[in-house]
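Enquirer: This is what each chain is made of:
Protein chains: 2
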Amino acid sequence: MNQPPGLNQLCVHTITTKPWPLDRAVDAYQAEGIQGISVWQDAVLQSGLKQAARTLEASQLSVVSYVRGGFFPHTSAGQRQKAIDHNKLMLEEAATIGAPLLVLVCGSDPAQSLSISRDQIREGLENILPYAESLGVKLGIEPLHPMYADTRSAINNLKTANDMADQLDHPYCGVVVDVYHLWWDPDLEAEIMRCGRDGHLFSYHICDWKVPTADMLNDRGLMGEGCIPLKKIRSWVERAGFIGFHEVEIFSNTHWQRDQKEFLRDVVHAFQHHS
Amino acid sequence: MNQPPGLNQLCVHTITTKPWPLDRAVDAYQAEGIQGISVWQDAVLQSGLKQAARTLEASQLSVVSYVRGGFFPHTSAGQRQKAIDHNKLMLEEAATIGAPLLVLVCGSDPAQSLSISRDQIREGLENILPYAESLGVKLGIEPLHPMYADTRSAINNLKTANDMADQLDHPYCGVVVDVYHLWWDPDLEAEIMRCGRDGHLFSYHICDWKVPTADMLNDRGLMGEGCIPLKKIRSWVERAGFIGFHEVEIFSNTHWQRDQKEFLRDVVHAFQHHS
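Line by line, the protein sequences are chains Z and X. The first sequence maps to residues 1 to 275 in the working numbering. The second sequence maps to residues 1 to 275 in the working numbering.
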């Protein structure tokens, strides 16, 4: 098997330590030797955009991504325009905090077909791409697990995300590989190689799939707590040429209830031993 | 849109009306003009195999399938042999109650990779196919939703099921299309056409995906209660040449708590208006 990842490749999403405000998370991540942070909008809104930008600027952390834009599809044109406006705002926020990437949970409206939702996602992306480029913030299409196809994303495997990035064919549009959403897919290795080859593999998210999973949203596992072949998938991502951060993104009622400092140490240990 | 389905195409799975013993279900289905029944093993064991066979033989219902064999993958060879023995027993039970098809939830072992589990599924199928043929009972590979990839099935889309049926290339081996598991897949129409063309489309299961879904196992919806494009998928299945029963298979804590006679009337209504 491949060499263990270096601590300098570890990035943590603020949602992983949700109980902490941004400044607390920044201090704690640095104390553990973590070098990357992906920032969720709720953490920014809580401290205020300017203060968040100052906190991050003053830190030694690399801001890896801003999370999460998207949610383009709606049956009403007015709602679709609102989504586009909201994404432009999020691009500005991303630029303000120095994030080079906005992660997109693309959205889905159960009142219409997935194929119409996919068309509306593509239209939304086409609409905001010039603005994203002008701000120097890339867009990452994150395919979501098929169990979220009803309301969260009509893009449910890496092939669909890669197809869309190919169609849009823009240096500011790529894909996000999250093991939680994609581990089950027999085509995953081939599609990781494809987005690597095309220069579309923008980021890599890790956690684990618990057996059993108690909650469809907030029961993600720490690496090693579940059944995802993390080392194998990492070897594919590395073979595809990816050299960016490995981002730990865990939504977990169980872990959020723990002492967050202890949990963060477990994140670092799990990253080094099970990912 | 296509014509509504005829009542003579409706089949109900005994699990749909789980609170009822088999004889009660048989009487109630007939009273509603339903012509097909798919029988779960728990209903057979509860009444005893011989009594179940007599009850079904004495009824006017067509026995459409016996549910559910499979669960082939295990890290231990001894467990794999046990699974094969169990499937042979289920084939005998299927033959005894006059079921022409054994539906397979193929299994997955989270202690090994999905690709090894898939190999073990293929080996299991190869092993039992001659016995299935000798008994006149076909085998239906049912791809399961990716949220069940950890322990229930390593076959998580119709393409993987079709590939396996193609590889096994046996007139007694085909696939089961269940809308709950497959509705999200952008390749669904193409793969339905493929198994129809190859003569592998053995059965068609319907229900709905509720928004939101409260439980990963037992919160399926009645047709029309959710977001699955049932009429569109039915049009694909019909265009693929399928002329068999449309089988209503609903696991629902909510509906199981209701008066089952009222619920069954709702099933018939939903079948005629929303499927």
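Derived by calculation from the structure, the hints in this document are not laboratory data. Treat the hints loosely; a few may be bogus.
Which copy is meant is left open, because identical chains are indistinguishable; a pair holds if it fits in one copy or across any two.
Subject to a maximum C-alpha distance of 20 Å in a straight line, what follows is the list of computed SDA-like cross-link-like pairs (lysine to any residue) [stated by the list, open to error]:
#, residue 1, residue 2
1, 232, 113
2, 82, 197
3, 231, 111
4, 88, 123
Enquirer: Output the numbers, in ascending order, of every earlier hint that fails for this structure.
Expert: 2
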